[in-house]
Amino acid sequence: MLLLLLILLPFIGAIAAACMPAHARNREAWFAAAIALSGLLITLSQFAVVSEGSILRYEIAWLPAYDLNLIFRMDGLAWLFTVLIQGICLLVVLYARYYMSPKDPVPRFFAFLLAFMGAMQGVVLSGNLIQLVMFWELTSLTSFLLIGYWHHRPDARRGARMAFTVTSIGGLCLLIGVLLLGHIAGSYDLDKVLLAGEVIRTHAWYLPTLILIALGALTKSAQFPFHFWLPHAMAAPTPVSAYLHSATMVKAGIFLLMRLWPVLAGTPEWTWIIGTAGVCTMLIGAFLAIFQHDLKGLLAYSTISHLGLITCLLGIGTPLAMVAAIFHTLNHATFKASLFMAVGIIDHETGSRDMRTLSGLRRVLPYTATLAIVASAAMAGVPLLNGFLSKEMFFAEALLVGSASNWWMSAAAVLMAIFGVAYSLRFIQVFFGPLQSGDNSTPHEPPRWMRFPVELLVLCCLIVGILPELSIGLLLGAAAQSVLGDAIPEYSLAIWHGVNLPLVMSVLAFGGGVVFYRWLVARCNLKLRDNVPLLHRLNGKEAYETTMLLLAAGAARLERWLGTRRLQPQLVILILLGISAALLMLWYLPTTLSALQFTPINLPFALLWLVGCSCAIAAAWQAKYHRLAALILVGGTGIVTSLTFLWLSAPDVALTQLMVETVTTILLLLGLRWLPARISARKLNLVATSRDKLRRIRDLSLAITAGVVLTLVSYIILIQPENQTISLFFLEKSLPEGGGSNVVNVLLVDFRNLDTLGEITVLSIVALTVYALLRRFRPAPESMRIPPQQTNPVDPASSQLPGEQAATGYLQVPAVYLRLLLPIIIVVAIYFFMRGHNLPGGGFIAGLIFAVALIIQYMLAGTAWVEARLKLQPHRWISIGLGLATLSGMGAWLFGYPFLTTHTAHVTLPLLGELHLPSAFVFDLGVFAVVVGTTMLILIALAHQAVRSHRIPGQSNEYRAQQEQK
Amino acid sequence: MELILALAIGILFGSGVWLVLRPRSFQVITGLLLLSYAVNLFIFITGRVHINKPPLTLPEQAATAMQYADPLPQGLVLTAIVIGFATTALYLVVLLGSRGLTGTDHVDGKEREHDE
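Line order of the protein sequences matches chains Z and L. All the letters of the first sequence, read from the start, carry residue numbers 1 to 966 under full-length UniProt numbering. All the letters of the second sequence, read from the start, carry residue numbers 1 to 116 under full-length UniProt numbering.
Isolated chain L, as found in the complex (with noise of 0.2 angstroms):
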């Protein structure tokens, strides 16, 4: 599981920073998508992998740490991706508006010679 986990997240970043070095502005809002996600799984499993471990300390059960995952980075993940959409809108009402402005979809707003 660790392996697919490490390399899941390799693959989506690598993926994420190509698209980002890309000069055309909507090839850079998916490569921030793909970069969240792949930043957004590498701080949930610093809190490592558990499986049927829900934080749901229901009053049942005594609190053990080992019973259930861990909560902290679950509770930053969740908050870094509602934050993250709202950066993707913000950031592609700027893409938007930039390619009304300055006629090109280049992220510097202007086209260099010879470009993809």
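Looking at chain Z on its own, in the form it has when it is part of the complex (with noise of 0.2 angstroms):
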């Protein structure tokens, strides 16, 4: 329970952090530290538990029956990160609190880190392989958030972006990876699989996942070859350098390779892979690290090589090394996140971090200097600090490999840290020498609560260093234990060893590094390089940079020759693939021609659809210059489909697609007014072209083809007899288990109620979506006019104001007749409602009754007086039907049901009688509101465009201005 809480407090802390006001740098950096404090402490009262062997666990059933649970488990290897990771953070709270301008906006800054945190305890403490990835993608995508916290500079965007790219690739091999050793190890389960090693690593599939999982740390660790996004993430904040490439991010990798240790590690495979990433990494990231002129990267490149460290040592696989690696990664972290803020306080006062330009700040910022100079010393590895004696555990290792003559790996680690002595002189070497007096101001002391967390690392490095058994050992012994099991061997933390080959090559080290850098700053003038030497050509940023040029080329290049824009070639494939399906139906389509049903014809119907087809045909040749011909001639075609659904036995189909039926048209007439006319191209004295009319031909034969197939596959469905489908449920179950007899009714509003909520919720937002497009519509300049039509004498509204339409309406007799018919329409609508769980009707045709019988009234006595007469909010209704349909399927959970479940009451009144009062009444009253309202409010919104254009002062007024002259 308590892993739980390690885990969603950085969670919940960011949430919070992110609502806190913008300048609430003190309350925010209070906030953030009380929770990295309340972890830490939760954590540090486990150690008594973790330190004894057992292992912490909290599970959550997720997916049990895939064998897929949430896990949290906590031992001594993912004790000593999560104090790592809880503790720099607590520091780098602090530390941030000082750093960040009051104009940064700084609750994004404490809930990214925050939640940052989060994401690496997750990765710590996650007992089950998927789960681990998935915090893994986590702490990927809030480094990325977090390196480009600066947004504004396109340094931060290109440096977040760039790490985010390698890592989250890396991520996705991992996730493979991680799928391929769940399977070998038939468990996600982090303990099942850590039993399996024997099994895994005699496995066919042993080398894919280990290079797959490889990819996944070694792209997180910044291994060679995918170093490079490292240095390109220094964009970040200081504070968030120090976190992320001191101690977390970065050490993911580690992480998990030192996790996945006892089942990967100790074959040849292992040692070449791993091994090989890290002597390249950590010579190369070396030699870099003396030549770059930025503090920042020198750090960055600095951390690349020891990282490299740590991977070789893990490569090695041995388990004295493994307890080396464990070691230099608490010893790294801690000289590399003082360093950092160092460097932090350094650009902060003098506003550079350039090498070139820096020197002489011993004298300005002495405590500082002293700071930064022990901890670049434990860096070098300097004896009496922590760095020395990981190193010497390196080097001891280091002899090991291979035979006694193959002396290739103890070369590489003594140029190692040749190198890193080298460019640890080079970073001290801004505190001395003259101070550079350019600037207006001299720079001081930080604030004291700014330096603390460099202090507090700096004493811990000393402590190690000198102290090493007393300090450290309990803590490295758990860790180690959790990765070794009982298999511990014998190791000695002490300062030490009396003389013998790791000493050599240490001295060897420091002599060389000094005499090197003397060297290199005689004869290759350090300060005036710009590329590297030797190296310069390695350039892995060119090549990412390259490699995602020639993606988003090849991408344009592909959308080029499959995609198009225009939108009748896709009809014509996606028609093509339609015809092609309906022909690989035809041709598996048993026909067995003894079970042949058919139905007499009738001739009544047969002239119906000769009307209806001809109508078709009719609008598909008159569409493009006969507009309203084609709309009455579609009409005609819908009357004819809603009498065959009526005729076919389905009465509420027929009900509603008559009542769309008239409701599109009046939309579509509304439309109309919109669209300029359209003059033939007879009059226009246009010929077709060839090409036109190839088009046409091709059109005309895809359009014959279509209609001809889908007549064959119609016609062999339906001679095909009925077969059992899931139809006779629901006819046997509507009355007795839905409460009413109308079977389509009851499966729209109980067998499938949830369907019907989605469609009712699409519906509300096609309206809105009609209701915002018509907000901004600018009609086109053509039909900008009053149309002639509407001008004309013979209409009285032509000489109507708007106020003068409200008071007399504009049909007037009509009008009347119409008034008396609105209550009965509603009364017909209310009829339909009520009786629809029984008979046809429902929320459906019941809103599209009321709808159009609202409508008629705005066609003949004109919006004004409608509108002037009855506030009809169309939102309103949108929302208490969609409200109460979802209330009315909530209602079901009070009793214990799932949501949606139905119930039919019946209720005896006094003078009513017996009442049929089924719950889903109230979902279908949801229906109806819900189908009056987007109706409504499509039509308002579209017919109020034809008001708002009368408004500008027209051609009425100009005619009324006649009148009266006349």
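The hints are simulated quantities; they were obtained by calculation from the structure and are not laboratory data. Using N, Cα and C, we set each Cβ at its ideal position, and we do this for glycine too. Incorrect hints may have been included.
[What the hints assert, rightly or not] Computed footprint of chain L on chain Z, listed as stretches where at least three residues anywhere in the stretch have a Cβ under 8 angstroms from a Cβ of chain L:
hint, stretch
1, 663-669
2, 741-750
3, 764-772
Since each chain comes alone in its own frame, lean on the hints to assemble the complex.
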């Protein structure tokens, strides 16, 4: 339970931090520090349990059927990393309080930082491989946000994008690797996987699994050849660099390798892949670090080099190397975090991080200088500091690699140490020499508490360096035991082991480093060099950029080849695909002639469809130049379709079709007003080119083929005997369990009411979209004018002002009849609604009838008249309807049933008698309200466009003036 | 009956396809209307032809499948019709807006040379 709290606390904190006001720097920092501190205290309190070698475990059922549960587990290694993550986070928060400028949006910073901490905790504490990858990706995402924190700077954006691309590609590889691993081990549970080491190493898939997991870990830990993203990630604020690149983000890869060490390590493949990457990285990183001019750049490459060292140790694969790797991970985190913070202080005080211009800072920043010098001594591996101890261990292990005659590894180790001494010297150079006095302001020591984290970390370096066994022995033992099991090798954490080969190597490295640095300064002119000797061609960044450019260009080319923005080719492809799918269906259809069924031909029905088909063909022919005629013809087909539904025993569908037909026709009529007239080609003397004719022939043949194919498919379906579907279930259960005898309605509001809920939601969204689109509607300039029909003096409305129309109405005589008709139609709508559950009707139909009743009023009495009398708020109807439908569904929860369960009650009222009251009734009421709301919203919004154009002083006023003159 | 229905669906579909392939946006909207009739009818006839057998299971009758038309396609078609109305409205508004913005009623927002 405490483990879950450890993970949740940072995420909850992140949300809370994001909600704080922008300038609350102190409050934010206190809050974030409190979160980190409480996490740290929880972790520390668990040490007694963990140090005994037992594993804390907390499991939540997630997908138990797939043996996939959320497991949080903490052993010695996880404990150590947790302390590291939270401890450094605490210090970074304190430091960031002073580092961040009041102008920076701090809530974002602390929210991201806490979220990142949570993600890291998740990686470290996951007891399930899939879950680990999930948190792994989350660290990529949050680090992207942190690196790109100053998103107004292009280098920050580029660095963030690069880091994210590289690490997330690695994450993808890791996911595949982990899936393979889980498959081999038979479970994703880490404890079970760790027991299956032998099976995994001998499995045929071992190599691909290893490569994929290694890719994930190496990209994350910035190992060669993926190291290039880390220096560019230095565009982040310094506290972020101090956190991500010393203790957390880049250590995630290391952590993963340590975690899976018991199952993956110990084979030649492991040593070759991991070891080689480590050696290359530590040499290249250390060498490149010497030639940086930016302080943070130097630290970045030195980080790469140290990570390479750890990876190399892991690659060596002996238990002692493992202990050394854990030890160096800790040491590196302490001295590198303090160095980053020191650089941040320098940057903050002098405004520069360029080693070419900075010098003599010892005079103005004495404390910071001392601290940084001690920390960089630890980085170089000076005795009495923690870096020395783990480096000695590394030397000892390097000597053991290969046979006694193979000195390559030892040579590489010494070379790396020489470079390390050289860049450490380069780093501390900024504190010596004359003080640069170009700026107006002299730098001065930072506030007490900004320096405090650096002091504390440097103190740790010293304590561990002087009293290793006392300070760190216990923790290291616990962590090593959790990885190595009971096979912990004998090791001693002491400063003095007597004169032996590692000591000789250390001495060699120091001497060599100092000489090499002197030589570089004398011969190579470090300050003026713009590129790195020998290695400047090895530019990972350029390779990355080239790859990205090639990818983008390739994608663009593919899009040009395979895609089109024109609608017609897309539709042609779509229809061709549809036709081929139908043909495929015909191919496989078994036609057993024995069971075919026919219904006798009915002459009126045939005549009906003669009309319907003629209408459709005529509409297809006329739709270009005679829009109104085409609309009427399509309407004819619609009526025939509706009658067909009625004929073929679907009264509900028929009613719906009829009402929708009415509403659609009115909708399109309203739209027609905004489409300028088309002048036929004959009048313009345009002659169709042969290309046009060809296209027409192609389309016509396509249309005929599509029609013929669908005819065939329909005919074959129709003459097949009816097969058993789930319909029988609906027919049987509708009355006894749904409480209604109209099966179609019960289907809509009861059996499949989740679908219906979705549907009315879509309806509402569409209506709102239409409304929003029309608010910004700009009609075509040709149709801005009021159409001639509306200015004709025969039409009384042409001389009416909106106010007058509101008083008297538009067509007065029909309007009187319609006013009488309104309550009648409303009663009809209510009738259809009420009986819907048992007889044809229901929410959809009643809603449409109601809407039509209102639309008729609009049409004959005029918009102004109706709206002066009726405040119809379609938005409200929609929201009330959706609310009712959802609430009626949620009501089922009160009785302990799943969402949208219905119930039918029969209530006996004194006057009305027995009343049929299903809860689906409320749902249907919601449907009704939504249908009325959407229909009215769409139509009124469109109609108002015409009204709006009248408000522009137009011809009607001129016409009035003429009238008055007469 | 089956033949008439199949022919009707084919003719509506063919007319719709022809219109949908035209370059003018109003032709496309009428094409979509015709296509939706054809497709709705097609879904509907998967329940086969039933005359005078509406799926109303009134209490006095015992429920056997042979007595009634298939209610499932009916329910599906009913919702399809209403959704069809909504998409038609959306398409119409986009059509009008596109006409106002681009100055042409070509579906691609720009005229091709030598177009119909």
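These are the hints, each one checked on the structure:
Judged by the Cβ-Cβ criterion of 8 angstroms, the stretch 663-669 of chain Z is covered by chain L as claimed, because 4 of its residues qualify and three suffice. Restraint check on the stretch 741-750 of chain Z versus chain L: 6 residues with Cβ-Cβ distances below 8 angstroms, three needed, restraint holds. For the stretch 764-772 of chain Z, the stated coverage by chain L is satisfied: 4 residues place a CB nearer than 8 angstroms to a CB of that chain, which reaches the threshold of 3.
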